[in-house]
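Novice: In case you want the letters, here they are:
2 protein chains.
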Amino acid sequence: MEIVCYLRFNMQFSIQNIHNYARTASLTINDKTISTPSFMTIGTYGAVKTMDCSDLKKCNVDIILSNAFHLMLRPGIDLIQKFGGLHQFMKWDGLILTDSGGYQVFSLGKDVKINNEGAEFRSPFNGDKVLMTPEISIDVQTQINTDIMMIFDECIKYPSDISTTEKSMELSLRWAERSKKANYSAKPLFGIVQGGMYPELRERSRQALIDMEFDGYALGGLSVGEPSDVMYEVINENAHKLPTDKPRYVMGIGKPLDIAYAVRAGVDMFDCVIPTRNARNGQLFTSSGIKRIRNAQYSNDIGPIDNECECYACKNFSISYIKHLDRCNEILAARLMTIHNVYFYQNLMMQLRNAIISSSLDDYIAQLERNFREVKND
Amino acid sequence: MEIVCYLRFNMQFSIQNIHNYARTASLTINDKTISTPSFMTIGTYGAVKTMDCSDLKKCNVDIILSNAFHLMLRPGIDLIQKFGGLHQFMKWDGLILTDSGGYQVFSLGKDVKINNEGAEFRSPFNGDKVLMTPEISIDVQTQINTDIMMIFDECIKYPSDISTTEKSMELSLRWAERSKKANYSAKPLFGIVQGGMYPELRERSRQALIDMEFDGYALGGLSVGEPSDVMYEVINENAHKLPTDKPRYVMGIGKPLDIAYAVRAGVDMFDCVIPTRNARNGQLFTSSGIKRIRNAQYSNDIGPIDNECECYACKNFSISYIKHLDRCNEILAARLMTIHNVYFYQNLMMQLRNAIISSSLDDYIAQLERNFREVKND
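Chains as they are written, first to last, in the numbering used here: chain A, 191 to 568; chain B, 191 to 568.
The shape of chain A in the complex, shown without the other chains (with noise of 0.2 Å):
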């Protein structure tokens, strides 16, 4: 059974399975599918931290998040469109979802400037001056030639007033509409759901979103510090009020049960810098829970990272060889320790694809949690 959903351009959503609210489907842009629920592992500057291209395939990544906003800043979108666009750039065949910049403006703090026409800071490069507008960040998405573009919206604190909440979710809805109207390659681009903690802006913003038609929506304005379960509510709430036909995208989470969790609410998409990080920290991810590779225990084990795992490091490495690595600073086992836990997530996204398919969803949420109950962002 494939129920093709929605089709615009060079875009084609087709749900394949669908167990209560969550739901396999497989993604196609510019011929390239995905399937979903996918996880996009964090490549901000034209390259995922410590791995080329050639180890993102073989981690069994098909998508990969950058940033409109970072690279416009370095290298600059001249230099990226004498490539053609950023997948020549960086060598990268699959697909590419860009961020539009809201996120990273927001996280200048006080140095910027924010006004009706867009966001004004300084570089923290070069001191320029910087205007990011909705129609800015577009056309540097366009010219970047990414896959699935996103709205320019801001992101504001947590905890924020219902007042201030509301005025910069009204901000984001008119930013949603100036980020459509200057769409003019009609790539596919994806409007991003505001409205902090407040259930009645939030569906204010979701509504309002939906009216405008968008490729697909994310729920933004999650992972700045709330408690989880007040973002489990926000996506319990919204994910599957979002339109059934297109993708759902939860923007900055995460930990394995966070979208384990997510997917059961009806969520497609999701990109963290969790697994990267948190492997350049030495917390890998592994059939048995969390291992920190700095404990002591580590030292004398010339097994692999985890037995299970069909990873580059686990199928060459033991974890006591990346150990002795990572405590000599060597780069290597950085690089050794984000394929493992890369790989992991998308082996994760694939478990969830079956368990759906299977109907057994709960019982793998059920094994999930008791292997990752305690999983911090390091």
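Please note that the accuracy of each hint is not assured.
Which copy is meant is left open, so a pair is good if it fits within one copy or across any two.
[Claimed, not checked] No more than 27 Å apart at the CA atoms, straight line, and that leaves these computed lysine-lysine pairs for DSS-like:
#1 K248 to K281
#2 K347 to K370
#3 K281 to K481
#4 K357 to K303
#5 K505 to K248
#6 K222 to K300
#7 K281 to K247
#8 K505 to K281
#9 K505 to K247
#10 K371 to K222
#11 K319 to K370
#12 K481 to K505
To be clear, the hints were calculated from the coordinates, so they are not data collected in a lab.
With chain A held as given, fit chain B onto it using these hints.
Specialist: Relative to the frame of chain A, chain B by itself:
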């Protein structure tokens, strides 16, 4: 024409071509054969910095240098023994030569007490008292299951007066004898000629070591701060007087031209951190000389590091992409630049061998002189 020059247990050294003092040969140990003149890439801690063993293979590396002293301190010999040796620990199936630790003890400076027995110092990692003697060094190298061992000797600073140098050289000779006696496994063991910059001391050291009958001979105590001319003089004076039928090795050099001059003087083996360390600092060796990736001129260059190079970095990535990664402190930059330089050095050695075979070594050196007059230790 192949002349089997030296055959002993599991080692065979066969000279194939001779051009004045320079020669090409094949060196077989434990059924693994390399061609000389050969450059050994440095893998001090059981990894070549930024690379894994499949990277090394792609760069045509067939022998690496590792370090008994460092591995004894971290991770310790017990762990490496659990794997059956360093090859299995790091998953390297090429040859390994281990340095004995003499040079590293010397690098500790005032923190080491040297007497007739050996060298005593505190571990820089945990403060433990450590004793290194010829017997211990040979034992460590044996347990690492290296392919070629070096005797344990003393290195002294440059400049040192003649009486200090003489005493040290004589101590090294006594240690050489003890190293040889301690070699219970009958693995190939190389002697190291000392004697500083004093011809008469070098000659005494050389003759005494030749009388002891080692399986190969190194010139040690070079590249310790002396002017290039002084270094060349020691090499030119000593290399061709070492036994013709055994491998000759100059330790710790270096620059492409220094290697070429030493090859002309009759040297077969080299090791140096220059290709790997300079890569991490953005200094690239190319067919047209040095390129410093941090120079502005490469910001918009869509070509590879070197059009004539067949390495993984040059076949896949542009110099402007690698420069961008370097600027963003992406580890991939260091790895790609290291891959390039290591490949360059292996290619350099092949070209030197070809120049010897075709009796055109002087022409080839003249070409190198045009490109590499100015290489510094970055």
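Novice: All the hints need checking, so say for each whether the structure fits it.
Specialist: Each hint tested on the structure:
1. For the homomeric pair K248 and K281, the shortest alpha-carbon distances inside one copy (15 Å) and between copies (19 Å) are both at most 27 Å.
2. In the homo-oligomer, the alpha carbons of K347 and K370 lie at most 27 Å apart inside one protomer (25 Å), although the nearest pairing across protomers, at 70 Å, exceeds that limit.
3. Taking the shortest alpha-carbon separations for K281 and K481, only the inter-copy value of 22 Å comes in at or below 27 Å, while the best intra-copy value is 32 Å.
4. Proximity of K357 and K303 under a CA criterion of 27 Å is satisfied intra-copy only: 15 Å inside one chain copy versus 72 Å between copies.
5. Proximity of K505 and K248 under a CA criterion of 27 Å is satisfied in both settings, with 12 Å inside one chain copy and 19 Å between copies.
6. When the C-alpha separation of K222 and K300 is checked against a cutoff of 27 Å, the pair qualifies neither within a copy, at 40 Å, nor between copies, at 62 Å.
7. Proximity of K281 and K247 under a CA criterion of 27 Å is satisfied in both settings, with 12 Å inside one chain copy and 22 Å between copies.
8. Taking identical chains as interchangeable, the C-alpha atoms of K505 and K281 lie at most 27 Å apart whether they share a chain (26 Å) or sit on different chains (11 Å).
9. Taking the shortest alpha-carbon separations for K505 and K247, both the intra-copy value of 16 Å and the inter-copy value of 18 Å come in at or below 27 Å.
10. In this assembly of identical chains, the alpha carbons of K371 and K222 lie at most 27 Å apart only when taken from the same copy (26 Å versus 66 Å across copies).
11. Taking the shortest Cα distances, K319 and K370 sit within 27 Å of each other inside one copy (25 Å), while across copies they are farther apart (69 Å).
12. In this homomeric assembly, K481 and K505 come within 27 Å of each other (Cα to Cα) only inside a single copy, at 17 Å, whereas the closest approach across copies is 37 Å.
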